[in-house]
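Now that you have both chains on their own, put them together as the hints suggest.
Single-letter residue listing:
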Amino acid sequence: MSNLLFELHQHNHVVMTQRNGIKIPAHYHTPEKEHRAVRQNILLCDYSHFGKAKISGESAWELLNILVSGDVSSIRDEQAMYTLMLDDEGQIITDLYILCDEESYLLFSEWMTSEALCERITALMAKRSGEFDDIEQIIPLNEQGLLHIEGPYSWELLVELYGMDVAGLPFQEHMHVFDELILLRAGKHGEFSYKLFGDYASLANAWQQLVEAGEKFDLCLGGLDYQQQVRLENPCFTPTPLLSLSRCPIELQLQWMVRYDKDEFIGMEALKGRLDAGPDRRAIGMSIDGQIDVTLAFGDKVLLDDEVVGVVIECGYSADIDKTIGRLFIDSEFAWAALYHLKACSSSGDVIALRTAAVPFARNYSFLINPAEHSYIDKRRPRDLMQQFEWQKEREEAEKAATPAAPGEMSSQGMK
Amino acid sequence: MDRAELEAAIAERKETLLNVKRGLIERLNLYHTPEQIDDDTPLFGSGLKLDSVDATELLVLLDKKFGIRVGEGDDPSYMRSVNTLTSFIIEKKRSDASVNSSDPVPSLEQ
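As they're listed, the protein sequences go chains Y and L. Oh and the first sequence: position 117 is 117 in our numbering, straight run, nothing missing. Oh and the second sequence: position 80 is 80 in our numbering, straight run, nothing missing.
Excised from the complex, chain L in its bound form (with noise of 0.2 Å):
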């Protein structure tokens, strides 16, 4: 990874663990400021002490900040902290972007 690569992933993480931090001070009123939230703070049990009601609303989260359908295969542990729920962010949007690189495109003719 060369330093314009390392610079590019920062801002990517940078910016979606903010744009995380928000959604969830937003859809679940926590007292918090985005700055306040460290990015290994546990979502559930400790840490912001989310609930099941308030895992209803991650996925709503994912979905309308993010345009993520969570799917039945996908491994539930990206619901484990601030970091893993944007890793899981950031995967999700690079797999969909590599896959509609990959779409053929249409031809003219058709």
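Excised from the complex, chain Y in its bound form (with noise of 0.2 Å):
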């Protein structure tokens, strides 16, 4: 499949990875310099493998509603969620975006291809026969692309290009920009994060204007490899490896998807079940000061003394912390927070303790961040809070010492 965006990385020499059968950057530069800029500034990349489907119809938010656990009732226009499709044994198929959109709602999918999505659509309606006759469509789309915008100036250069309602636009909600793209502001990894969405012409157009008005924010190209050590920091819904373990939303703490007091989901009865019986293991965060010599990779073994009581998941190096990072997926009476008694053992033999951790591991640069006060590019505000309470208490001083002292301040300084 080509289009204008796919020659535009073509044109660049970049290579080019797969997913969902789509071919889009693996990277631009290296890591390092990926992982800065989705950090400190903005990084942008090509999300097109996303799998994207429309569907409209009066009862479509009730069809959408049995489909997946969050609440789909909850979202009005310009509204979006994020949420989970799980199977008739409430196993996480998916994790998607809904996003209510006038008369219709999108579906954004990392981890399913458009046909997919349709496909799991059109099948419900059909085991619901009759329920659901006003379906106008469900259609797959796959001449519109994705661009994701994410860091933390990510908001101000798309003011830049689309106006000051950037700005002011709420997490999971979305506006209609120029040449009919759509502007939604969702990501996973803790960072202001933006997501347009639009045919493959008008979003190669887009990616030229960010690149262009980016230079000012330091702004870098990224393909899909950055991905690895953000999600190891911000850990969020991945299939690989994790659901060679387990994919229940109850072990792998992603209930806050689940809505368990709708009437019904697909799936809804046999989760239930499961978290009235509790679960056998759940995955917890680990964390290790510095950087380890031994290496611990997915199906490591986890030990209490001698006893085997999990598996590391993931494992890696933040420098951003300094800490040794990952998670376990390790027996529900020792998955706490905030443990010192475990101990991980690679596979060559090499022991090493261990400390369980909440996640995110991140202290995500963002929450410094406020669009109404910081900007990257103009100097006359502060880049962040850190810098806003520098210049408030510079003032402060100045003004403290401009300031001639009272009368009796004065005699009583003479005094001394």
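If you're looking for bench data, these hints aren't it; they were derived computationally from the structure. Note that beta-carbon positions come from the ideal geometry of N, C-alpha and C, so glycine has one too. Mixed in with the good hints there might be a few duds.
Claimed, not checked - Stretch-level coverage of chain L by chain Y, calculated; a stretch enters the list once three of its residues show a Cβ under 8 Å from a Cβ in chain Y: (1) 6-14; (2) 57-71; (3) 83-95.
Claimed, not checked - Here are the computed lysine to any residue pairs in the SDA-like style, where the Cα-Cα straight-line distance is at most 20 Å: (4) Y:343 with L:5; (5) Y:272 with L:33; (6) Y:272 with L:35; (7) Y:262 with L:32; (8) L:49 with Y:170; (9) L:14 with Y:340; (10) L:93 with Y:279; (11) L:14 with Y:355; (12) Y:262 with L:49; (13) Y:262 with L:35; (14) Y:188 with L:77; (15) Y:343 with L:9; (16) L:49 with Y:73; (17) Y:188 with L:51; (18) L:14 with Y:73; (19) L:49 with Y:186; (20) L:92 with Y:340; (21) Y:262 with L:29; (22) Y:262 with Y:274; (23) L:14 with Y:279; (24) Y:188 with L:47; (25) Y:188 with L:79.
And the structure:
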């Protein structure tokens, strides 16, 4: 499949990778450079591998509400939600975004093709024959792509291109911008994050505009490889290698994407049953100070004294926090944060002590940035909350120094 | 950490987590049961989707339920998830306990 956006990457001689059958850039720069951009300024990526589908009709929301574990009735026009699609056993098939856009709903899934999304919806409709006859269309959106703009100052770049409304766009809401593009604010890594959805020609045009306007923001182009490090620091749903261990939202601590108080959704009864029984194992964060010499990898044993109580899901080093971090899948009775008693054993037999930990690990810089107060390019405004406090302190000290001392203070000073 | 210490640490965290979850459900009128709230559930943005008004409620919860007054010097990252909020409470309680235990015992003669 070729399109203007794909041709643009080819023209740039980028190393490509494939996900959901779609070819997209693996990386434009080194993983370190792309990681730094996403944590400190802006990274621009092609996320066209997302499966995309559209469903419309009066009862579309009711059909979707059975299909996913979240509450679709809670979103209105220009709002979005992040939720899960489960199978009959209450096991995760994929995560997905659902956008309510005027009279229809758009579905974006990182792990499922557009066709597979449509097949799931159509199969459910067929199963519930007669209930959803007013559904007008269920169509895969293969002619449209998705750009991903992520980083603490991504909002500011988008304000330049699409206007001030971007600065006030709430999390998980979207707006229509030029060229019939839809801008969605949503992300999984704790930073300001946006997705631009539309036809490939418009996106290729937007890509060029973002690159040009992004120069003064030190924007960096990226591919999918950067996700490995950011998702180590801000864990989120990733099927590989996790799904060989578990696909259960309870074990993976993803129940926040489930609305148990809904009338029904696929997999609800099975999930409730498992919740009542309690999970045997759960995913939990781990951390070790500094960078360790031992290599811990998926499947390595986790030990309590000499007893095996679980396995390593993933492990790596974060220079930002100077810790070796990762996740474990261990017996529920020990899956609590801030415990120092466990050890991991590498495939080469090295044993290392670790501490269980809360996730996410990253102290996201975006939390220190308020679009109403801060700026990357306007030197009259502070860059972040820290600089704002610094400037405020300097102003207060300058004002204090400029204010003449009161007569009483003068006399007492004179007496000293 | 020996087994007894481990069991004590687990018991302390389990109890505090349950109290935090119950406090959040009551104060913020959440539809969940404690079992439906995972320990790493984010508080703001995604997860429980709390807003700035709820943030004030969290401070009241800390004060009323746990006797903790948040100070200017406290790193606000404790508000990221149920687990980080729980760690903050446990650490505060421990530091309060160590301050109290290091207070000089008042002399009977005073």
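Which numbered conditions among the earlier hints are violated in the structure presented, ordered from lowest to highest?
Hint check: 2, 10 and 18 fail, others pass.
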